[in-house]
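Visitor: Line by line, the protein sequences give chains A, B and C.
Note that our numbering has the first sequence beginning at 7, numbered continuously upward.
Note that our numbering has the second sequence beginning at 7, numbered continuously upward.
Note that our numbering has the third sequence beginning at 7, numbered continuously upward.
Calculated directly from the structure, the hints in this document are not laboratory data.
Take these hints with a grain of salt, some might be off.
According to the in silico footprint, chain C covers these stretches of chain A (three or more CB under 8 angstroms from chain C) [said to hold, decoys possible]:
1. 93-102
2. 116-129
3. 238-245
Reference listing, derived: stretches of chain C covered by chain A, where coverage requires no fewer than 3 residues with Cβ under 8 angstroms from a Cβ of chain A [claimed, not checked]:
4. 58-64
5. 283-297
6. 316-324
Ideal placement from N, C-alpha and C gives every residue a C-beta, glycine not left out.
The primary structure of each chain is shown beneath.
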Amino acid sequence: MFQVTSHTQRELEMIRGNFKGKDIVSFDQFSTEDIDILFDVARQMKRIVINNEPSHILEGLLVSLLFYEPSSRTFGSFAAAVKRLGGQTLEILNPEMVSSVSKGETFEDTIRVFEAYSNAIVLRHKIPGAARLAAGVAEFLPVINAGDGNNEHPTQTLLDLYTLYEHFGRLDNLTGLLAGDALNSRTMHSLIRGLSLYKNNTLYVLSPQSLRLSREDMVTFQNRGIRIIEISREQDIPRDCHFWYWTRVQRERFRTQEAWQDAQKEIVIATPNLLDMYAGKDTILMDPLPRVESVDPAVDADERAVYLRSQIRNGVYTRMALLALVLGRL
Amino acid sequence: MFQVTSHTQRELEMIRGNFKGKDIVSFDQFSTEDIDILFDVARQMKRIVINNEPSHILEGLLVSLLFYEPSSRTFGSFAAAVKRLGGQTLEILNPEMVSSVSKGETFEDTIRVFEAYSNAIVLRHKIPGAARLAAGVAEFLPVINAGDGNNEHPTQTLLDLYTLYEHFGRLDNLTGLLAGDALNSRTMHSLIRGLSLYKNNTLYVLSPQSLRLSREDMVTFQNRGIRIIEISREQDIPRDCHFWYWTRVQRERFRTQEAWQDAQKEIVIATPNLLDMYAGKDTILMDPLPRVESVDPAVDADERAVYLRSQIRNGVYTRMALLALVLGRL
Amino acid sequence: MFQVTSHTQRELEMIRGNFKGKDIVSFDQFSTEDIDILFDVARQMKRIVINNEPSHILEGLLVSLLFYEPSSRTFGSFAAAVKRLGGQTLEILNPEMVSSVSKGETFEDTIRVFEAYSNAIVLRHKIPGAARLAAGVAEFLPVINAGDGNNEHPTQTLLDLYTLYEHFGRLDNLTGLLAGDALNSRTMHSLIRGLSLYKNNTLYVLSPQSLRLSREDMVTFQNRGIRIIEISREQDIPRDCHFWYWTRVQRERFRTQEAWQDAQKEIVIATPNLLDMYAGKDTILMDPLPRVESVDPAVDADERAVYLRSQIRNGVYTRMALLALVLGRL
Numbered sequence: 007m008f009q010v011t012s013h014t015q016r017e018l019e020m021i022r023g024n025f026k027g028k029d030i031v032s033f034d035q036f037s038t039e040d041i042d043i044l045f046d047v048a049r050q051m052k053r054i055v056i057n058n059e060p061s062h063i064l065e066g067l068l069v070s071l072l073f074y075e076p077s078s079r080t081f082g083s084f085a086a087a088v089k090r091l092g093g094q095t096l097e098i099l100n101p102e103m104v105s106s107v108s109k110g111e112t113f114e115d116t117i118r119v120f121e122a123y124s125n126a127i128v129l130r131h132k133i134p135g136a137a138r139l140a141a142g143v144a145e146f147l148p149v150i151n152a153g154d155g156n157n158e159h160p161t162q163t164l165l166d167l168y169t170l171y172e173h174f175g176r177l178d179n180l181t182g183l184l185a186g187d188a189l190n191s192r193t194m195h196s197l198i199r200g201l202s203l204y205k206n207n208t209l210y211v212l213s214p215q216s217l218r219l220s221r222e223d224m225v226t227f228q229n230r231g232i233r234i235i236e237i238s239r240e241q242d243i244p245r246d247c248h249f250w251y252w253t254r255v256q257r258e259r260f261r262t263q264e265a266w267q268d269a270q271k272e273i274v275i276a277t278p279n280l281l282d283m284y285a286g287k288d289t290i291l292m293d294p295l296p297r298v299e300s301v302d303p304a305v306d307a308d309e310r311a312v313y314l315r316s317q318i319r320n321g322v323y324t325r326m327a328l329l330a331l332v333l334g335r336l
Numbered sequence: 007m008f009q010v011t012s013h014t015q016r017e018l019e020m021i022r023g024n025f026k027g028k029d030i031v032s033f034d035q036f037s038t039e040d041i042d043i044l045f046d047v048a049r050q051m052k053r054i055v056i057n058n059e060p061s062h063i064l065e066g067l068l069v070s071l072l073f074y075e076p077s078s079r080t081f082g083s084f085a086a087a088v089k090r091l092g093g094q095t096l097e098i099l100n101p102e103m104v105s106s107v108s109k110g111e112t113f114e115d116t117i118r119v120f121e122a123y124s125n126a127i128v129l130r131h132k133i134p135g136a137a138r139l140a141a142g143v144a145e146f147l148p149v150i151n152a153g154d155g156n157n158e159h160p161t162q163t164l165l166d167l168y169t170l171y172e173h174f175g176r177l178d179n180l181t182g183l184l185a186g187d188a189l190n191s192r193t194m195h196s197l198i199r200g201l202s203l204y205k206n207n208t209l210y211v212l213s214p215q216s217l218r219l220s221r222e223d224m225v226t227f228q229n230r231g232i233r234i235i236e237i238s239r240e241q242d243i244p245r246d247c248h249f250w251y252w253t254r255v256q257r258e259r260f261r262t263q264e265a266w267q268d269a270q271k272e273i274v275i276a277t278p279n280l281l282d283m284y285a286g287k288d289t290i291l292m293d294p295l296p297r298v299e300s301v302d303p304a305v306d307a308d309e310r311a312v313y314l315r316s317q318i319r320n321g322v323y324t325r326m327a328l329l330a331l332v333l334g335r336l
Numbered sequence: 007m008f009q010v011t012s013h014t015q016r017e018l019e020m021i022r023g024n025f026k027g028k029d030i031v032s033f034d035q036f037s038t039e040d041i042d043i044l045f046d047v048a049r050q051m052k053r054i055v056i057n058n059e060p061s062h063i064l065e066g067l068l069v070s071l072l073f074y075e076p077s078s079r080t081f082g083s084f085a086a087a088v089k090r091l092g093g094q095t096l097e098i099l100n101p102e103m104v105s106s107v108s109k110g111e112t113f114e115d116t117i118r119v120f121e122a123y124s125n126a127i128v129l130r131h132k133i134p135g136a137a138r139l140a141a142g143v144a145e146f147l148p149v150i151n152a153g154d155g156n157n158e159h160p161t162q163t164l165l166d167l168y169t170l171y172e173h174f175g176r177l178d179n180l181t182g183l184l185a186g187d188a189l190n191s192r193t194m195h196s197l198i199r200g201l202s203l204y205k206n207n208t209l210y211v212l213s214p215q216s217l218r219l220s221r222e223d224m225v226t227f228q229n230r231g232i233r234i235i236e237i238s239r240e241q242d243i244p245r246d247c248h249f250w251y252w253t254r255v256q257r258e259r260f261r262t263q264e265a266w267q268d269a270q271k272e273i274v275i276a277t278p279n280l281l282d283m284y285a286g287k288d289t290i291l292m293d294p295l296p297r298v299e300s301v302d303p304a305v306d307a308d309e310r311a312v313y314l315r316s317q318i319r320n321g322v323y324t325r326m327a328l329l330a331l332v333l334g335r336l
């Protein structure tokens, strides 16, 4: 039913084995072959969604969505992914408020209770490491990390990479501009790690001086073989980027009002004017959303702005692919 | 499969075209032909529900229920409508609390995110005009207004009219009594507008002096050709009404305690005694609910009290019909 | 399709009649024949879940889950039960906050609204008697009590008994140890009532002196013919128990800090050491959860600890069986 063109049957079996029953905690657990098959599947998931095909791929299966932290976007994307595939969800938002947790149930016990009820757990949590902890606790089913604090959000990286892959037909030989909070942005770091799996990528990182990549991160990324060029002024933006990836600078990161004001002066926002000046006609503008003080809504009408077009939709397709593979239904 | 008796195939195609893909923002966008087909469909939806027939009409489709304001009744009715038709929902209650909105995502972006995830958006919001704004933002799918502040709640009017239509077999030549807050009641105003589409209807409007219809509203309604007679005392209630439509007087409307007390003296509540005195044996008693200080629970046992019988059920049937038509599945 | 071995067809019809359309308010309404067939059905439900068989038993049916009180565990269990059977849910958590209730809708009206929308109501409420009240209000559909304050939680008792039945193949001739708050524990009292339906059961009740069974409860239970032996010290635990049933002592039960401290000295927690000392190799350790200051997590690895293994899963199977029977789909 799923025709994955670029692999032999035996290769496919092996790669599927990399997903089936596995916890998805960190983006780093994926090989390029894993990503390859996942994107092949995601492309077919897109067809299901676009045609509103009733799918039975997850029929009879229950997926728990345990969201300890507000996120309507990621929550809605996973819920849509399960339901588009004919599966059902158990939806628990803020278990600390609406739950046995208020009677003192531990996080570990909540995980084991929902392990008993369902076939997979999608977990969002404020605390870094929560997903790995849950994966260790749940013995019999896969746990998928839907963001654990500022640690990891592997499906965000998958959808970002898929957006590039779908647009450019490859994940190597790309030049990108990453803007915003290079020091802290989880999504930016993950995207750098993701692109470092592929050859000959160059990333310009545009950020205020006080929000540059840490030296440790810089060394880590360079050791992975990706070319990173740090810039601080819009004049330094190169004109040949394949993509721009904008992230927001979170005010709460700053200890003093002064530090925030200093940084703010240097923040570059993606405006129609900035696109006119520095973007190519085929450059795409991405943003993991919400795009608060990152991308000017005046840019939305520009077809190159894909964040509320293909990028947000790709989140559903890649999560469908991941769920189907992890639940062993492909 | 759906046999709509009173129209030719060509007429049906045209009328269906009036629904498919359309935003449902205001009751005023419906013609009597639209209402006709919608009620024909609703009657068949009733059969599906009563027989618990598994329906596949919305199979493969996702409907987002974005409720920015608490309303278990309208929420439950739309959720039931989608699920009775074999569709699935994305349910987001209070997105301001449980969502990316807390990180500063705008209303418009939330709408576009759920546009990317689903096939229709049902929106409830405190702010008048929110539904029209959302309909403008969402380019590719229908937005259905499930109540935007004191502005519009078109599906409430549909279910009210359907209740009359089902009971009397027509929407013209009816005499009704509307009671409560004539100045502010959204549902009462909409029902008057709805009945003004049909010939020879007469409405008695019973309200405290301080809560009479505004002169503008009165002029507007009369220009539409409906006969309105304002009354303030229960003795003036005519004995030949086909229906009574009771609404509650909201205390928070009054600026002072005194004004509230003055109005309260004049509020007429529907009691068994009032029905005995003024209602006919075929008069039906409606209420959009909640019936707080509007209808005495002692009336519930009276078969003429339809608010918790057919009226609340008709909300599900009419919403099923609307969803099926708007999503192009009929 | 369901093969129930131990009854003739005519007996089955009668017993099914005991469920179909019935409100499930109290455990006491079940006869041993009812429990028999329910457990026969539950065993087959287990097969459906374990095999992830897509079931159509509740296809086309809607079950309202009205949870006025936080309980992710019971909520998730009922939601899973409905969805595993191919049914759909209307999920309303905390209707007082997210609902028409904030506009003053009464509890009775909320029940009647959801009666109009669905085929069954599962109700969780803080107030003892809420389920019976709801059952009286809802004329046309079954209401299932999912816990009403410290009054009743019949499906908890069903799953506890089923766990014993599945493990020992019988519900008579059992010796058990019940530990914790014997004075107040709803689940402990219900389990005693449940086991008193069967012959020759002996229960050791271990609790601090201040939390012993009340004299009234003691007399009531003994009149039902069950043997109860009260103990206060771990040294008095007999070595031949078939099962241990641990419950937590809720601090909020105590009027003074002193009373709490006194009781605390006497609380016996289930630890690996306690199992080594007093449990047999086939003794099972149960807990209705959450197991806060009742069972030490160090016991979890012991296969005899079934609370997060079979016991929690049995909640889904027994609720599936109950829903299917009550909704007349078997």
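Visitor: Would you say the stretch 116-129 of chain A counts as covered by chain C, given the rule of at least 3 residues with C-beta under 8 angstroms?
Guide: holds (count 8)
Visitor: Is the listed coverage of the stretch 58-64 of chain C by chain A valid when you require three or more residues with a beta carbon under 8 angstroms from a beta carbon of that chain?
Guide: holds (count 4)
Visitor: Count the residues of the stretch 93-102 of chain A with a beta-carbon closer than 8 angstroms to any beta-carbon of chain C: does the count reach three?
Guide: Answer holds; 5 residues pass the 8 angstroms Cβ test.
Visitor: Quick check: the stretch 238-245 of chain A, covered by chain C? Criterion 3+ residues, Cβ under 8 angstroms.
Guide: This one is violated; 0 residues, fewer than the three required, reach chain C with a Cβ under 8 angstroms.
Visitor: Taking a Cβ-to-Cβ distance below 8 angstroms as contact, does the stretch 283-297 of chain C have at least three residues touching chain A?
Guide: holds (count 3)
Visitor: Please count how many residues of the stretch 316-324 of chain C have a CB within 8 angstroms of a CB from chain A and say whether that reaches 3.
Guide: holds (count 3)
Of the numbered hints stated above, the single one contradicted by the structure is hint 3.
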